[in-house]
Amino acid sequence: MEQLINIKNLTKKFNFPVKNTSKNWLKNLVRPDTKEVVAVDNISFSVNKGERIAFIGPNGAGKSTTIKMLTGIIFPTSGSIDILGFDPTEDRKKLAYQIGTVFGQRSQLLPNLPITDSLEFFGVMYDLSDQQIKKRSQELIEIFELSSFIDQPVRKLSLGQRMRAEVAVSLIHQPKIILLDEPTIGLDVVAKKSLRDLLMKVNKEDGVTIFLTSHDVGDIESLCDRTIIIDNGQIIKDLATRDLAQTFIFEKYIDLVSDNKFTNFFQLPKGLRYTTKAPNQITVVVDLQQISVKEAIKKLLDIFDVSDIDVYDADMETVIRYIYERDKASQ
Amino acid sequence: MKEIRLANKIITKLVKDHVHYPDRLIADTFSMLARCGVLLVLYWYVFRLNGGVVNGVTFVVTAWSIFFYFSFSTLRLRDVSRSIMHDVQTGSVEVLFNKPISYLLYRFWWQIGFGLYSFLVVTIFGVLILYFLIGVPESMTLTLFLPTYLVTLIGASFLSLILYGIVGLLAFWIEDVNPVFWMVDKAVMILGGSYLAVALFPKFLYQAALYSPFGASLFVTHTVYDSWQSNWYILLAWQFFWIVFLGTVMHFLFVRAQKKVSINGG
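Same order as they appear, the protein sequences are chains P and L. For the first sequence, the residue numbers in the working numbering are 896 to 1226. For the second sequence, the residue numbers in the working numbering are 165 to 430.
Wrong hints could be hidden among the right ones.
[What the hints assert, rightly or not] Beyond 12 Å from chain P on every Cβ pair, some chain L residues (computed):
{"id": "1", "residue": "170"}
{"id": "2", "residue": "176"}
{"id": "3", "residue": "194"}
{"id": "4", "residue": "211"}
{"id": "5", "residue": "221"}
{"id": "6", "residue": "264"}
{"id": "7", "residue": "317"}
{"id": "8", "residue": "348"}
{"id": "9", "residue": "369"}
{"id": "10", "residue": "376"}
{"id": "11", "residue": "411"}
[Unchecked claim] No farther apart than 27 Å at their CA atoms in a straight line, the calculated lysine-lysine pairs in the BS3-like style are these:
{"id": "12", "chain 1": "L", "residue 1": "263", "chain 2": "P", "residue 2": "1029"}
{"id": "13", "chain 1": "P", "residue 1": "930", "chain 2": "L", "residue 2": "423"}
{"id": "14", "chain 1": "P", "residue 1": "989", "chain 2": "L", "residue 2": "424"}
{"id": "15", "chain 1": "L", "residue 1": "166", "chain 2": "P", "residue 2": "988"}
{"id": "16", "chain 1": "L", "residue 1": "173", "chain 2": "P", "residue 2": "1051"}
{"id": "17", "chain 1": "P", "residue 1": "988", "chain 2": "L", "residue 2": "177"}
{"id": "18", "chain 1": "L", "residue 1": "263", "chain 2": "P", "residue 2": "1096"}
{"id": "19", "chain 1": "L", "residue 1": "424", "chain 2": "P", "residue 2": "903"}
{"id": "20", "chain 1": "P", "residue 1": "1099", "chain 2": "L", "residue 2": "263"}
{"id": "21", "chain 1": "L", "residue 1": "180", "chain 2": "P", "residue 2": "1051"}
{"id": "22", "chain 1": "P", "residue 1": "1165", "chain 2": "P", "residue 2": "1194"}
{"id": "23", "chain 1": "P", "residue 1": "1071", "chain 2": "P", "residue 2": "1132"}
{"id": "24", "chain 1": "P", "residue 1": "903", "chain 2": "P", "residue 2": "944"}
{"id": "25", "chain 1": "L", "residue 1": "263", "chain 2": "P", "residue 2": "1087"}
{"id": "26", "chain 1": "P", "residue 1": "988", "chain 2": "L", "residue 2": "367"}
{"id": "27", "chain 1": "L", "residue 1": "350", "chain 2": "P", "residue 2": "988"}
{"id": "28", "chain 1": "L", "residue 1": "424", "chain 2": "P", "residue 2": "918"}
{"id": "29", "chain 1": "P", "residue 1": "1156", "chain 2": "P", "residue 2": "1193"}
{"id": "30", "chain 1": "P", "residue 1": "1099", "chain 2": "P", "residue 2": "1071"}
{"id": "31", "chain 1": "P", "residue 1": "922", "chain 2": "L", "residue 2": "423"}
{"id": "32", "chain 1": "P", "residue 1": "1030", "chain 2": "P", "residue 2": "1051"}
{"id": "33", "chain 1": "L", "residue 1": "423", "chain 2": "L", "residue 2": "263"}
{"id": "34", "chain 1": "L", "residue 1": "173", "chain 2": "P", "residue 2": "1030"}
{"id": "35", "chain 1": "L", "residue 1": "180", "chain 2": "P", "residue 2": "908"}
{"id": "36", "chain 1": "L", "residue 1": "263", "chain 2": "P", "residue 2": "944"}
{"id": "37", "chain 1": "P", "residue 1": "1132", "chain 2": "P", "residue 2": "1087"}
{"id": "38", "chain 1": "P", "residue 1": "989", "chain 2": "L", "residue 2": "263"}
{"id": "39", "chain 1": "P", "residue 1": "1071", "chain 2": "L", "residue 2": "180"}
{"id": "40", "chain 1": "L", "residue 1": "177", "chain 2": "P", "residue 2": "1029"}
By construction, these hints were calculated from the structure, which means they are not laboratory data. Even for Gly, the Cβ is constructed at its ideal location relative to N, Cα and C.
Kindly generate the complete structure, drawing on both the sequences and the hints.
Rendered as structure tokens:
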């Protein structure tokens, strides 16, 4: 299998000045004390062609720093990165022709003009001929179903439409790898699903390798075949998503709220277990390998008098905690 | 070739954007009318009180010099420093660093594209209005005027972008470059002849206007003076020197700035 990314002993330390209250202002200004933060701590991994990698972890884990070192924006303190045969610190521009990037919280589109202008603009940026730009734009408009809002200025699009356009624009030059930093952040359920399906399509049909960071368990579950978990700058797990799925991806959480207080906490059917038993709210974990969400809701409604119900995935912090605890128990 | 195509694309897209949304042009026109118009009326009155000539310069020459300052300012090249600062503060710089382009050149072309439409419209109409209201000085009828005006306009654009680009790059170290921006901007405005035409400067200030990068970034205001005919090549040489010198400073600053990037997010 062709290896596209190879990272060895990668470390990034940030130094920033901190105020020392025992020093006067002049000393603090001229010779400030510095604090060192190790954002990424000696990580190594590789990515093969066509893989769909989820690079996950809680806030401040080192995900974004890693992705930015991969693209050459941030320079590593030590270690090496080989991405498509390039060293990002030396060959940032050459590498840019081969990769696509999407940062969920930052837009690269031209806000006042329609998407076609952005596609044309980035086509020129990636040195495509006018003919290539026209052909590729048509393909992307079709794949990403942009035609219904193609004439609207970008600033008038919904967040979901904009994110689809962001990904489409990042693929204008047919990159071999697409790096996505929190691509589904802020999207509603329908928009998330649509974006995940499109990314899957691009991976299957064009063989684009996907490397994404996310807080959303759903992104991993439905899109990625491999998951790397990072915490405090260190990789704590690198495993097939299906192995991870056995633990938490096949779990859903259901909150039950009642106008009347819960007094009896009955024995739950197989596949369900309590995580919260409070008079005003019950939280139940559903093991999806044993019972479907639909079935679970039916059974819970038979047991409890409920005024409101909420179904959701485990959050990333819960996942990380779970993995820590499971590893500790197995040692 | 790619750089030229990209520059052309940026400029045409932004001009298209401005044509779609003409509010900026209207704002620029009113701003020009208010600031330049009021100043010219005041100058006209002062010159009249003094018999039509101050420090050997006529009102017509002074008016055109001031007009050239204001028309150049509608290019808004100084805003490049704020654009860079905004990129750094918001982290948008990472999006542009990921593209196969030179970040600074991209920002420069963007700034030119942003102001070009207003500049062209305001300048063309301003020239016509001024021509019919007060006429043109003799210096502007010489064959030397137009080519040297265009050369110094291009030089002034490069120098302004470099000067304000350096200010913007300081955002990689100090984040808020506004205090530095105001100092540089005021120096450019004063030595460029926005408040007082450079021909009316005392000698020491006139020397500073000639030999400092702040004054050199607005040599377009000198092109209407009689002295331009004898010293244009010296001033253009100075402008070129500052472009090369400050361009080198900016390059080294940018190389260091790239290593300073530390973007929010784990």
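Hint by hint, here is what the structure shows:
A cut-off of 12 Å between C-beta atoms contradicts the statement that residue 170/L is not in contact with chain P; the least separation is 5 Å. Distance to chain P contradicts residue 176/L as a non-interface residue, since its nearest Cβ pair spans about 10 Å, not more than 12 Å. Interface exclusion of residue 194/L from chain P stands, the closest Cβ pair being 21 Å apart, more than 12 Å. Every beta carbon of chain P lies more than 12 Å from that of residue 211/L, the smallest distance being close to 44 Å; the non-interface claim holds.
For residue 221/L, the condition that its CB be more than 12 Å from all CB atoms of chain P holds, with the nearest at approximately 44 Å. In this structure residue 264/L is not separated from chain P by more than 12 Å, as the shortest Cβ-Cβ distance comes to only about 4 Å. At roughly 26 Å from the closest C-beta of chain P, the C-beta of residue 317/L stays outside 12 Å, upholding its exclusion from the interface. Distance check for residue 348/L against chain P: the nearest CB is about 22 Å away, which clears 12 Å, and the non-interface claim stands.
Taking the minimum C-beta to C-beta distance to chain P, about 33 Å, the non-interface status of residue 369/L holds against the 12 Å cut. The claim that residue 376/L is not at the interface with chain P holds, since no C-beta of that chain comes within 12 Å of its own (minimum 29 Å). With a closest Cβ-Cβ approach of about 20 Å to chain P, residue 411/L is found to remain outside the 12 Å limit, as its non-interface label requires. Taken as a hint, the residue 263/L and residue 1029/P pair is honoured in the structure, with Cα atoms around 20 Å apart against an allowance of 27 Å.
Straight-line distance between C-alpha atoms of residue 930/P and residue 423/L comes to about 18 Å, which keeps the hinted pair within the 27 Å bound. Proposed proximity of residue 989/P and residue 424/L is supported: the alpha carbons are some 21 Å apart, at most 27 Å. Between residue 166/L and residue 988/P the alpha-carbon distance is near 13 Å, which keeps this suggested pair within the 27 Å criterion. A threshold of 27 Å between alpha carbons decides the hint, and for residue 173/L with residue 1051/P the separation of about 23 Å falls inside it, so the pair holds.
Under the criterion of a C-alpha separation no larger than 27 Å, the hint pairing residue 988/P with residue 177/L is consistent with the structure, at around 23 Å. The suggested pairing of residue 263/L with residue 1096/P holds, with an alpha-carbon distance near 24 Å, which does not exceed 27 Å. Taken as a hint, the residue 424/L and residue 903/P pair is honoured in the structure, with Cα atoms around 23 Å apart against an allowance of 27 Å. Annotation: proposed proximity of residue 1099/P to residue 263/L holds, straight-line Cα distance about 25 Å (limit 27 Å).
Under the criterion of a C-alpha separation no larger than 27 Å, the hint pairing residue 180/L with residue 1051/P is consistent with the structure, at around 18 Å. Under the criterion of a C-alpha separation no larger than 27 Å, the hint pairing residue 1165/P with residue 1194/P is consistent with the structure, at around 11 Å. At most 27 Å may separate the alpha-carbon atoms for a hinted pair to count; residue 1071/P and residue 1132/P meet this at roughly 25 Å. Proposed proximity of residue 903/P and residue 944/P is supported: the alpha carbons are some 18 Å apart, at most 27 Å.
For the proposed pair residue 263/L and residue 1087/P, the alpha carbon gap of about 26 Å is at most 27 Å, so the pair holds. Restraint check for residue 988/P and residue 367/L: not satisfied, since their Cα atoms lie roughly 49 Å apart, outside the 27 Å limit. Between residue 350/L and residue 988/P, the direct Cα distance comes to roughly 37 Å. Violation of the 27 Å bound is thereby established for this hinted pair. Distance hint between residue 424/L and residue 918/P is fulfilled; the C-alpha atoms sit about 26 Å from each other, no more than 27 Å.
For the hint linking residue 1156/P to residue 1193/P, the alpha-carbon distance of about 20 Å falls within 27 Å, and the restraint holds. A threshold of 27 Å between alpha carbons decides the hint, and for residue 1099/P with residue 1071/P the separation of about 13 Å falls inside it, so the pair holds. Simply put, residue 922/P and residue 423/L have alpha-carbon atoms about 25 Å apart, close enough for the 27 Å limit, and the pair holds. About 25 Å separates the Cα atoms of residue 1030/P and residue 1051/P, which keeps this hinted pair within 27 Å; it holds.
Taking the CA atoms of residue 423/L and residue 263/L, the gap is near 17 Å; set against the 27 Å cutoff, the hint holds. Proposed proximity of residue 173/L and residue 1030/P is supported: the alpha carbons are some 18 Å apart, at most 27 Å. Straight-line distance between C-alpha atoms of residue 180/L and residue 908/P comes to about 44 Å, which puts the hinted pair past the 27 Å bound. A hinted pair counts as satisfied when its Cα atoms are at most 27 Å apart, and residue 263/L with residue 944/P qualifies at roughly 22 Å.
Simply put, residue 1132/P and residue 1087/P have alpha-carbon atoms about 25 Å apart, close enough for the 27 Å limit, and the pair holds. The straight-line distance between the Cα atoms of residue 989/P and residue 263/L is roughly 9 Å, inside the 27 Å bound, and the hint therefore holds. Only pairs whose Cα atoms come within 27 Å are accepted, and residue 1071/P paired with residue 180/L is rejected, the gap being roughly 33 Å. Proximity of residue 177/L to residue 1029/P is assessed by CA-CA distance (about 16 Å); at most 27 Å being required, the pair is judged to hold.
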